[in-house]
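For the protein sequence lines, the chains are A and B, in the order given.
With my numbering, you'll find the first sequence wraps up at 113, consecutive numbering, no jumps.
With my numbering, you'll find the second sequence wraps up at 113, consecutive numbering, no jumps.
None of these hints come from the bench; they were simulated from the model.
Among the hints, erroneous ones may be present.
[What the hints assert, rightly or not] List of simulated lysine-lysine pairs, DSSO-like, C-alpha gap at most 27 Å:
| # | chain 1 | residue 1 | chain 2 | residue 2 |
| --- | --- | --- | --- | --- |
| 1 | A | Lys-100 | B | Lys-71 |
| 2 | A | Lys-100 | B | Lys-9 |
| 3 | B | Lys-14 | A | Lys-100 |
[Unchecked claim] Label pairs and their in silico Cβ distance ranges:
| # | chain 1 | residue 1 | chain 2 | residue 2 | range |
| --- | --- | --- | --- | --- | --- |
| 4 | A | Asp-2 | B | Met-27 | 22 to 28 Å |
| 5 | B | Thr-15 | A | Thr-12 | 25 to 31 Å |
| 6 | A | Gln-95 | B | Glu-52 | 18 to 24 Å |
| 7 | A | Gly-41 | B | Met-27 | 19 to 25 Å |
| 8 | A | Thr-26 | B | Asn-62 | 23 to 29 Å |
| 9 | A | Ala-17 | B | Ser-51 | 28 to 34 Å |
| 10 | A | Thr-70 | B | Thr-20 | 41 to 47 Å |
This one's a predicted model, so the numbers in the text were calculated from it and none came from an experiment.
Positions of the beta carbon are idealized from the N, C-alpha and C atoms, including for glycine.
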Amino acid sequence: GDSVTQMEGPVTLSEEAFLTINCTYTATGYPSLFWYVQYPGEGLQLLLKATKADDKGSNKGFEATYRKETTSFHLEKGSVQVSDSAVYFCALSVQNQGGKLIFGQGTELSVKP
Amino acid sequence: NAGVTQTPKFQVLKTGQSMTLQCAQDMNHNSMYWYRQDPGMGLRLIYYSASEGTTDKGEVPNGYNVSRLNKREFSLRLESAAPSQTSVYFCASSETVWGYGYTFGSGTRLTVV
Chain A
1 GDSVTQMEGP VTLSEEAFLT INCTYTATGY PSLFWYVQYP GEGLQLLLKA TKADDKGSNK
61 GFEATYRKET TSFHLEKGSV QVSDSAVYFC ALSVQNQGGK LIFGQGTELS VKP
Chain B
1 NAGVTQTPKF QVLKTGQSMT LQCAQDMNHN SMYWYRQDPG MGLRLIYYSA SEGTTDKGEV
61 PNGYNVSRLN KREFSLRLES AAPSQTSVYF CASSETVWGY GYTFGSGTRL TVV
């Protein structure tokens, strides 16, 4: 079945460090890919998305590129801030399945000043 | 503000009690979803409604029932709560269009003792 695998956390970085959170997927169809962010005590918010191979999604300094050949959608940011501390979820949805999202297990990021 | 509204935000139940979690969206979305979030397991789909008048089981439907009351509202019912249902529950909605992500509610934190 369809699935998403993320690198395990927690990830702890110093402010201004470079961030990579790995995400790989398995899908029977041609998926759309998403990154969601969850700040403490809140629901999930869409961070960025990509709908076809080689697309790059970007938002708030975060980027991720849809790599079909490696079935990956790694999240990157060049310089993290304390305010980026949150849990990040990679997800996919496949056409003709009601738009259902399948989530990875989440990666907790903690940024220290 | 437009979005997804969940009630209640917190609830404590005794084993065997029943309750209904309410969810409403005002974005005219066709599809609605119920997820549960548990530590280290990401979000798991309980039930979803691809359109008004339809509901389908997700990954973990046992112990739950749902009702799509109208296009705006999608409720989740626990008929006889068990400690294993202690979790954070999220409702979400989306357009039934491939490539669109979800809008999430802020969650209901349920504890069953």
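Checking against the hints above, which ones are violated?
As far as the earlier hints go, 3, 5, 9 are violated by this structure, in ascending order.
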